[in-house]
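Listed below, chain by chain, are the residues.
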Amino acid sequence: GDSVTQMEGPVTLSEEAFLTINCTYTATGYPSLFWYVQYPGEGLQLLLKATKADDKGSNKGFEATYRKETTSFHLEKGSVQVSDSAVYFCALNNAGNMLTFGGGTRLMVKP
Amino acid sequence: SAVISQKPSRDICQRGTSLTIQCQVDSQVTMMFWYRQQPGQSLTLIATANQGSEATYESGFVIDKFPISRPNLTFSTLTVSNMSPEDSSIYLCSVTEGGTDTQYFGPGTRLTVL
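Line order of the protein sequences matches chains A and B. Quick note, the first sequence lines up with residues 1 to 111 if you use my numbering. Quick note, the second sequence lines up with residues 1 to 114 if you use my numbering.
Only chain B is shown next, with the shape it has when bound in the complex:
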């Protein structure tokens, strides 16, 4: 399976600032996704990152708050904008390869907002 890395692995940020999280894959992949995992909770899909076009957001998530880029088939970014303490979570990217329905996850970015 593809090897997925995320930067940063963790960060502590101040309220009102923004953080951009990078997801890099070592091979071209079909689909890329961004999830949020709030403390002690399960995963919630934020959006599907579409190569060369706007991301597809799930209910409850908007582009102004979580802008996403995917300039090519191996890289995507998620920005968490105008952060508040409620944004403290683990953010994970995932990918699928070759048209299969199996998702593989990156190691996650642990964000704490003070």
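So that you can see chain A by itself, here it is in the shape it has in the complex:
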């Protein structure tokens, strides 16, 4: 079946550092790929998405590119802020309604 693997956290960075959170997936066909963010005490917010190979999703300075050849969708941000501290979830939807989530990666940004 489909699966999503994320790098384990926590990831601890200083403010203005470069962020990469790795995400790889296993799926048949051509899934849509998503990043969601969960701030402390809140629900999930859609951060960005990509629906086909080589698409780049971007939002709030975050980017991720759909790489079919490496089955990856790594999340990047050039300069993180303390307010980016949250848990980030990579997910896929493969021609259906069911989202398959990765395990989540906690990001902690220190001033």
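Note that these hints are calculated values from the structure, not bench results. Hints should not be assumed to be uniformly reliable.
[As the list claims (entries may be wrong)] Which residues of chain B face chain A? A partial, calculated answer using Cβ under 7 Å: (1) 31; (2) 42; (3) 43; (4) 101; (5) 103; (6) 105; (7) 107.
[As the list claims (entries may be wrong)] DMTMM-like mimics (lysine to aspartate or glutamate), calculated; alpha carbons at most 20 Å apart, straight line: (8) A:110 <-> A:8; (9) A:56 <-> B:101; (10) A:52 <-> A:76; (11) A:77 <-> A:15; (12) A:52 <-> A:2; (13) A:110 <-> A:2; (14) A:52 <-> B:101; (15) A:68 <-> B:101; (16) A:60 <-> A:76; (17) A:60 <-> A:42; (18) B:7 <-> A:42.
Even glycine gets a Cβ: it sits at the ideal position worked out from N, Cα and C.
Following the hints, put chain B in place on chain A, whose structure we already have.
Frame of chain A, contents of chain B only:
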């Protein structure tokens, strides 16, 4: 995107009791889903709430434990029945709109069972 609210936002309940969680959307949506997020874990799909018919449950979840209603295109409820401490989790509803595959989530209900 649709604005989704959930009630209650949090609750502390006694073992053996039941709690009904409401999910309200400000517009008609195609699909509604219920997820469970156990402490420090990722999300697990409980069921798809079908308008006017029985919900579709994922493996490991049963209707007797998690009865779901969806009387119209903007509202759904999830009941957690005969609760035990293992049911302590965040319960989230999500929706899709207009046939897209993007799910939007409510703020969640934080349940603690003593």
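Taking the hints in turn, this is what the structure says about them:
| no. | hint | result |
| --- | --- | --- |
| 1 | 31 | holds, 6 Å |
| 2 | 42 | holds, 5 Å |
| 3 | 43 | holds, 5 Å |
| 4 | 101 | holds, 4 Å |
| 5 | 103 | holds, 6 Å |
| 6 | 105 | holds, 4 Å |
| 7 | 107 | holds, 4 Å |
| 8 | A:110 <-> A:8 | holds, 19 Å |
| 9 | A:56 <-> B:101 | holds, 17 Å |
| 10 | A:52 <-> A:76 | holds, 18 Å |
| 11 | A:77 <-> A:15 | holds, 12 Å |
| 12 | A:52 <-> A:2 | holds, 17 Å |
| 13 | A:110 <-> A:2 | violated, 35 Å |
| 14 | A:52 <-> B:101 | holds, 13 Å |
| 15 | A:68 <-> B:101 | holds, 19 Å |
| 16 | A:60 <-> A:76 | holds, 11 Å |
| 17 | A:60 <-> A:42 | holds, 18 Å |
| 18 | B:7 <-> A:42 | holds, 14 Å |
In summary, the structure is inconsistent with hint 13 from the numbered list given earlier, while agreeing with all the others.
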